[in-house]
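Asker: Chain by chain, the residues run as shown.
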Amino acid sequence: MSVTKKFLYVNRRAPYGTIYAWESLEVVLIGAAFEQDVALAFVDDGVYQLAKGQDTKGIGMKNFSPTYSALGDYDINKIYVEKESLEARGLTLEDLQHLVWEDEDEDWAEKDSIQVVTSAELADLMEQQDVVLSF
Amino acid sequence: MAIEIDGKTIETDEEGYLVTLSDWDENIALELAKSENLEMDDARWEVVNFLREYYDEYQIAPAVRVLTKAIGKKLGKDKGNSKYLYELFPYGPGKQACKIAGLPKPTGCI
Amino acid sequence: MSMLHTVNKSPFEKDSMNSCLRLSADGSSILLIEDGVFAAQEGTVVSDSVKEAMKSKKVYALQEDINARGVQGKVMDGIELVDYAGFVKLVTEHDKVQSWV
Numbered sequence: 001m002s003v004t005k006k007f008l009y010v011n012r013r014a015p016y017g018t019i020y021a022w023e024s025l026e027v028v029l030i031g032a033a034f035e036q037d038v039a040l041a042f043v044d045d046g047v048y049q050l051a052k053g054q055d056t057k058g059i060g061m062k063n064f065s066p067t068y069s070a071l072g073d074y075d076i077n078k079i080y081v082e083k084e085s086l087e088a089r090g091l092t093l094e095d096l097q098h099l100v101w102e103d104e105d106e107d108w109a110e111k112d113s114i115q116v117v118t119s120a121e122l123a124d125l126m127e128q129q130d131v132v133l134s135f
Numbered sequence: 001m002a003i004e005i006d007g008k009t010i011e012t013d014e015e016g017y018l019v020t021l022s023d024w025d026e027n028i029a030l031e032l033a034k035s036e037n038l039e040m041d042d043a044r045w046e047v048v049n050f051l052r053e054y055y056d057e058y059q060i061a062p063a064v065r066v067l068t069k070a071i072g073k074k075l076g077k078d079k080g081n082s083k084y085l086y087e088l089f090p091y092g093p094g095k096q097a098c099k100i101a102g103l104p105k106p107t108g109c110i
Numbered sequence: 001m002s003m004l005h006t007v008n009k010s011p012f013e014k015d016s017m018n019s020c021l022r023l024s025a026d027g028s029s030i031l032l033i034e035d036g037v038f039a040a041q042e043g044t045v046v047s048d049s050v051k052e053a054m055k056s057k058k059v060y061a062l063q064e065d066i067n068a069r070g071v072q073g074k075v076m077d078g079i080e081l082v083d084y085a086g087f088v089k090l091v092t093e094h095d096k097v098q099s100w101v
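Protein chains in written order, with the numbering used here: chain A, 1 to 135; chain D, 1 to 110; chain G, 1 to 101.
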């Protein structure tokens, strides 16, 4: 039996301007094969990764925002967004994509994946992890 | 690398995956299947079409585990299991079905 | 004819925008591109300083970069959106271009 560890991916960069957001998403998807306890945190400009209505046709880059909707299929259903980061950017939960996962134990009931948390709550969550990966 | 079809040259990477997603059509799928020594029947088309729809929605080729679960949900448990999928695509549904569907190699597929 | 400043870094992550606002002359133009377009958004912690600058400077933002980041509809009044052709036109209309990277 392998030991399940708690992994938290911390995303702090906006998409497209740099490669961090996409790299993180790829590592998350690859890492999901190892069936660990995975959570994602979006802080600072990282909150823009989840913004609704991204349209990259004009900049000739792949729009990878639809891929966040597949995270539920990968059993990743703990997605934390820092409240303070949203507020500093004039954003609310309404400005983000609605991400859900399906609970197999409750007849595939759809449940929200995103939780808006305060800085203090996120600090506590970070303390509880075995591994924290920063992007 | 490249494949020739109807007098056109379609670019592929060194493992035979299409370089440009939009190059894909059903004739190219048949050609790609031939290179995998697979005959395209209804069951294989069903998986290939499922993958294309998945990519269209999520912009990724799913991991095998995710594909299996998603097929089970959409097409039934008798199809959503690795035995069924590996019988159709003996070298792996991720590798072979994604290639025939014109998708990139699944993220994390080694 | 004056100076065109371009800013391509997020105002929340780097000082580029702040420095640009501090060191650009009245009457000059500022074009926000790439992650710099977040400075064009209404209701953020930097909106007030951008509004203040707009009293004496003209601020533009690249539409394509706004769209990519999903912040269309959040751009503050007074900021003019330009496309790539507009970007080129701005460059030709100004004496010099300074990039705040």
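These aren't lab readings, by the way, just hints derived from the structure by calculation. Note that the structure is a prediction, hence the values are computed from the model and not measured. Glycine is no exception: its CB is placed at the ideal position from the N, C-alpha and C atoms. Keep in mind that the hints are not guaranteed to be accurate.
With a straight-line Cα cutoff of 20 Å, these simulated SDA-like cross-link-like pairs (lysine to any residue) come out [to be verified]:
1. G:K58 <-> G:N18
2. D:K73 <-> A:D75
3. D:K69 <-> A:A33
4. G:K74 <-> A:E87
5. D:K77 <-> D:Q59
6. D:K105 <-> D:S22
7. A:K83 <-> A:L93
8. G:K74 <-> A:E35
9. D:K79 <-> D:D41
10. D:K73 <-> A:E94
11. A:K78 <-> A:M61
12. D:K69 <-> A:E35
Pairwise CB distance ranges (calculated) [stated by the list, open to error]:
13. A:K6 <-> G:S56: 48 to 54 Å
14. G:D83 <-> A:P66: 55 to 61 Å
15. A:E102 <-> G:K96: 54 to 60 Å
16. G:E93 <-> D:L21: 36 to 42 Å
17. G:G73 <-> D:R65: 21 to 27 Å
18. D:W45 <-> G:K96: 30 to 36 Å
19. D:D41 <-> A:V100: 30 to 36 Å
20. G:D77 <-> D:S22: 35 to 41 Å
21. A:E87 <-> G:S19: 21 to 27 Å
22. D:W45 <-> G:D83: 30 to 36 Å
Okay, the calculated bits of chain A under chain D, using three or more residues with CB under 8 Å as the criterion [unchecked claim]:
23. 24-30
24. 42-49
25. 57-65
Asker: For the pair supplied as a hint, K74 (chain G) and E35 (chain A), is the alpha-carbon distance within the 20 Å limit?
Answerer: The hint is violated at about 39 Å.
Asker: Per the hint of 21 to 27 Å, is the separation of the Cβ atoms of E87 (chain A) and S19 (chain G) within bounds?
Answerer: Since E87 (chain A) and S19 (chain G) have Cβ atoms about 25 Å apart, the given range 21 to 27 Å holds.
Asker: Are K78 (chain A) and M61 (chain A) close enough, with their CA atoms no more than 20 Å apart?
Answerer: Violated. K78 (chain A) to M61 (chain A) sits at ~28 Å, over the 20 Å cutoff.
Asker: Taking beta carbons only, do three or more residues of the segment 42-49 of chain A come closer than 8 Å to chain D?
Answerer: violated (count 0)
Asker: Could you grab the alpha-carbon distance between K73 (chain D) and D75 (chain A) and see if it respects the 20 Å cut-off?
Answerer: Cα-Cα ~15 Å, so holds.
Asker: Do the Cβ positions of W45 (chain D) and D83 (chain G) conform to the proposed distance bound of 30 to 36 Å?
Answerer: Cβ of W45 (chain D) to Cβ of D83 (chain G): about 42 Å, so the range 30 to 36 Å is violated.
Asker: Measuring from beta carbon to beta carbon, are D77 (chain G) and S22 (chain D) in 35 to 41 Å?
Answerer: For D77 (chain G) and S22 (chain D) the Cβ distance comes to about 39 Å; the hint holds.
Asker: Given the proposed pairing of K79 (chain D) with D41 (chain D), does the C-alpha separation stay at or below 20 Å?
Answerer: It holds: about 15 Å lies between the C-alpha atoms, which stays within 20 Å.
Asker: Holds or violated: the 30 to 36 Å window for the beta-carbon distance between W45 (chain D) and K96 (chain G)?
Answerer: 60 Å, violated
Asker: Look at the Cβ atoms of K6 (chain A) and S56 (chain G) and judge whether their distance stays inside 48 to 54 Å.
Answerer: Taking Cβ atoms as reference, K6 (chain A) and S56 (chain G) lie about 52 Å apart, which means the hint holds.
Asker: Would you mind confirming whether the straight-line C-alpha gap from K73 (chain D) to E94 (chain A) stays at or under 20 Å?
Answerer: Roughly 29 Å separates the two Cα atoms, so the pair is violated.
Asker: Mind checking the alpha carbons of K105 (chain D) and S22 (chain D) for me, to see if they're no more than 20 Å apart?
Answerer: 15 Å, holds
Hint check: violations occur at hints 5, 8, 10, 11, 14, 17, 18, 22, 24; the rest are consistent with the structure.
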